[in-house]
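There are 2 protein chains.
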Amino acid sequence: MQSGSSSETEKLTAIDDLSGMCLGLGQLARRASLELQDLSTAVKNRWLLACAKALRESTSEILAANALDVARAPEYGLTDAAIDRLIINEKRLEAICCSLESLAALPDPVGEILSGSTRPNGLQIQKVRVPIGVILFIYESRPNVTVDAAAIAIKSGNAIILRGGKEAFNSSQAFVGVMNRVAQQMGIPEGALQLVPTVDRSAVGELLKLSEWIDLVIPRGGESLVRRVVQEASMPVLKHYDGNCHVYVDRLADLDKALAIVVNAKTQRMGVCNAAESLIVHRDVAESFLPKLHQAMIPFGIEFRGDDLTKRILPDAVQATEEDWGREYLGPILSVRIVESLDQAIEHINRYGSRHTDAIVTNDIASARRFTVRVDSAAVMVNASTRFNDGGELGLGAEIGISTDKLHARGPCGLTELTTTKYIVFGDGQVREG
Amino acid sequence: MQSGSSSETEKLTAIDDLSGMCLGLGQLARRASLELQDLSTAVKNRWLLACAKALRESTSEILAANALDVARAPEYGLTDAAIDRLIINEKRLEAICCSLESLAALPDPVGEILSGSTRPNGLQIQKVRVPIGVILFIYESRPNVTVDAAAIAIKSGNAIILRGGKEAFNSSQAFVGVMNRVAQQMGIPEGALQLVPTVDRSAVGELLKLSEWIDLVIPRGGESLVRRVVQEASMPVLKHYDGNCHVYVDRLADLDKALAIVVNAKTQRMGVCNAAESLIVHRDVAESFLPKLHQAMIPFGIEFRGDDLTKRILPDAVQATEEDWGREYLGPILSVRIVESLDQAIEHINRYGSRHTDAIVTNDIASARRFTVRVDSAAVMVNASTRFNDGGELGLGAEIGISTDKLHARGPCGLTELTTTKYIVFGDGQVREG
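As they're listed, the protein sequences go chains F and Y.
The numbering used here puts the first residue of the first sequence at 3, with every later residue one more than the last.
The numbering used here puts the first residue of the second sequence at 3, with every later residue one more than the last.
Because the hints were derived from the structure by calculation, they are not lab data.
For every residue, glycine included, the Cβ atom is placed at its ideal position computed from N, Cα and C.
Mixed in with the good hints there might be a few duds.
Listed next, the stretches of chain Y that the computed footprint assigns to chain F, with coverage defined by at least 3 CB atoms under 8 Å from CB atoms of chain F [stated by the list, open to error]:
hint : region
1    : 19 to 26
2    : 36 to 42
3    : 262 to 268
4    : 386 to 399
5    : 408 to 418
6    : 424 to 431
Derived BS3-like pairs: lysine-lysine, alpha-carbon spacing no greater than 25 Å straight-line [what the hints assert, rightly or not]:
hint : chain 1 : residue 1 : chain 2 : residue 2
7    : Y       : Lys-168   : F       : Lys-129
8    : Y       : Lys-168   : Y       : Lys-93
9    : Y       : Lys-211   : F       : Lys-211
Produce the entire structure from the sequences given, and follow the hints as far as they go.
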C-alpha cells in the first residue's frame, strides 16, 4: 500500500478480499473472451474509431485525471524525465487517438486460414487463426500504453486485464473508463477490458495464480519486474528481460556507414531496449575506426569501456570487466571489444547478448550471411541500426511488446502474435480405420 | 537406480558427476545446433535415407539389443500389452525405416520466408523460419519414438537430447548408435543427437535446470511425467496433460453417423489421447440414440456413466459423479451427459474438457459454426471421429507430440512446430530518425 495517497487511491487499495476480486476479474474476462472470439472485425473496428472520437471529446476529463498523477509523481520519487513521460497533453492525446485509428485500418488476423487440405478420405482440414483468450498485461510504461494494449488485445479478439504502474493509475483509469463506455454502446462484451482496480502490489501475485482463467501474461518494464512475473506466473509469459544489443564492425565494413550506425544505435534514444550497448570491431579496422567514433561520441558524453587493445587505441577508455560484456547500460556507456574474426564476434554475441537485436556492418556478402544465420537473436541487422527492431519500423503496425523468447513469438509482438491456431475438421461421418 | 539390472545398465547408471554429465550434453548440443542452423536440406535428407539403409543393415544388432529390453520387461512390471509394444521385429523395423524415408520426402521448414517487405527508407525486412536450437525430449513410449524424434528434430535443424523410458534403454541405444555412425559419415555435427547415457531418474532433474543450453523440453507420456516436467523445467515446455475428448450429438444429428462416430471415437483405440471419453447428447435425441449406442457398445464392454436422465434411458448406466466429467479413462468407460441446448454442451466441454479434441455431430450449419468457434480446443471436428487429431491424419506428416497449449503450437507438432522465426533486416547504412 502507498502511504500519503489521495482518498481516491486509498479507497481503491482498500479491497478486503483481494484474491476474490482477482478471481472475479479472471472469470469475467474468460466469459468475455468466449464472445470476443466470434465478434466481427467490423464491430471491433467501429469500437476503435469510436474510442478515438470519445477520447478526443473527453480531453478535459483525461487531462484532469492525468494532472492527479503528475501532482503525486514526486511522492513516488519519479525523475524529471519520468515525469515528462507521464504527462499527457493535447498533442500527446491526439497521437494516442491517431494510433487507434491506425489500428482500425490494420487487417484482423482472426479467422485467417493458415493452411488447409482435403484428405483422401474426404475430411476437410483447416488451420485457423483464433484469439488466445485472456491476456494479463503488466506494465510500467507511459499512460498511452494503456490505450495501445487495450486496443491491440481487443482487435485481436482477446479479453485483457491491465495492470499499469501506480504512477499512472488515475490516467489509466480515465482511459479505460472512456473506452469501456464506448464498448458498452458498440456491443463489445462486458469484461473484455478491465483495469485492476487497486495499486496493491499483491494483486499481481494473485492474478499470476489464475492459469485457469488467464492464458498469457505479458510483463513490460524493468528486468526485475519481468523476472518476478516469470518466477510467479502459472501461465505462459511473453517477454524480454533486457536488450544488450551489439553492433559488429567487420573487416570489410564501410566505415562511414559504420560510424553513422553505431552513433545512431547508441545515442538516438539511450533508455530503450533496442539501443546498442556493445560494440565489436574487427582488429583490421579498429585503429582507423575507433578514434573517429570516439570523436563523434563526444557530444553525447559516451564512456567507452574496452578490452586491452581498445585501451591502447583509446587511452581514455575504461577497462572493461567480464561483467561489462553482459550489461544493458540504458545510458551513456558503450562496451568495446576488438576481435580477430567474424566467428569470434558471433561467439561473443551469442555468449553475452540478450538474443534481442544485433547488427553487422560489412560489405562482404558471405560475412553478412554467416552473421545473420549464426547470431541467435530475435532480429539481426545488416548495415542498419539496431533501433529498427520495433513493430512500426518493421512494418507490423502496433506492438504490445518485444519477445526474445523462441517459442510462440520472437521480435515485436503485434496483433498476429496475440493469436493462436485451431484445427477445424469438417467431415461427413468419417471414422478412423487404421 | 534400478536394482537387479544387468552389468551393462549398471555401468551406465553409475555416473559419478551426474550434473556435470548433463551440462556436457547441453553444451555439446548447443554447439551442434549452431552448425545445424546452416546445414542444407540435401545433407539432412541424405542422412535420413542413409539411416534407413543402415538400420535395415543393422537388423540383427537392433533386434539383439531389443531382446535385452524384452527379457528384462517383467522385472519392470510391464503388462503383456506393454511388452508387446516394446518388441521390435523385422516388420516393425521396416516400418521405422519407411517413416525415415517419408520424412526425407517432406519439405524442410527451415529458411522459409514467412513474410517480407521493403520499407519506405529502403530497409528490406524478412521474417525467416529458423530452428529452435536444442530440444530435450522425454518420453515413455515405444522404441520407434526414439528414431522418429531424432529424425524430426534434426530435419528441422535442431539438436536433440533424448531421454527415453528405461524399459527401452538398450533398444534406444542401438538406434542412436546406428544413426550417429551415419551422422559422422554424412557431415551432421557431433552432438546433434544424444541419448542420455543413464537410466538414473535424477538426470531428468539436472537437465531441466539447463535453460541456458536447452531451448525447449517436450515430455510425452503419462500425466504425472508431464506434470513433473512442467513443475521442474526452467525452459519452455510443449505438452498436453491428457485428452478428455468429447463427442456432442446435436438435436439435428444424423443418428447413424453419430453412432458410427461415437463407437469409433471411443473404441477404435482406447488407450490414446484422442479417444473419446465423454458423450454429450441433446435431450431431443437422447431417447432414440442412447439405446442404439448402448447396443452397439456391447461387443466392446463399455461401461456408461451417466447423469440422472441418462440413467432413466439406460437403466444399467452407473451414476456419474462430478469427477467423472473431467476424467480421461483411457479404457472401456464412457461418461454421458444429456443437455438442453448446444450452448450447454459447449459450456460443459470448455469446463471439463482437456482442450484437446472435441467433435459435434450435426446437420445444422449454424450449430456446427457455433461449436467450432466456441469450443476452445486444439482441434474441433464436425461429423468426424476425434481419432483424426493426429499428425498423419491431418496431413502434417510425422509428429513428435500433440500440444494443447495455446502458445507456440497447438495440435499435432511436426517439423514446422520445431522451428521459430527471426527477423533479418538488410540495409544500406540506414539509421533511425524518429
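Point to revise | Violating hint indices (sorted, rising) | key: 1, 7
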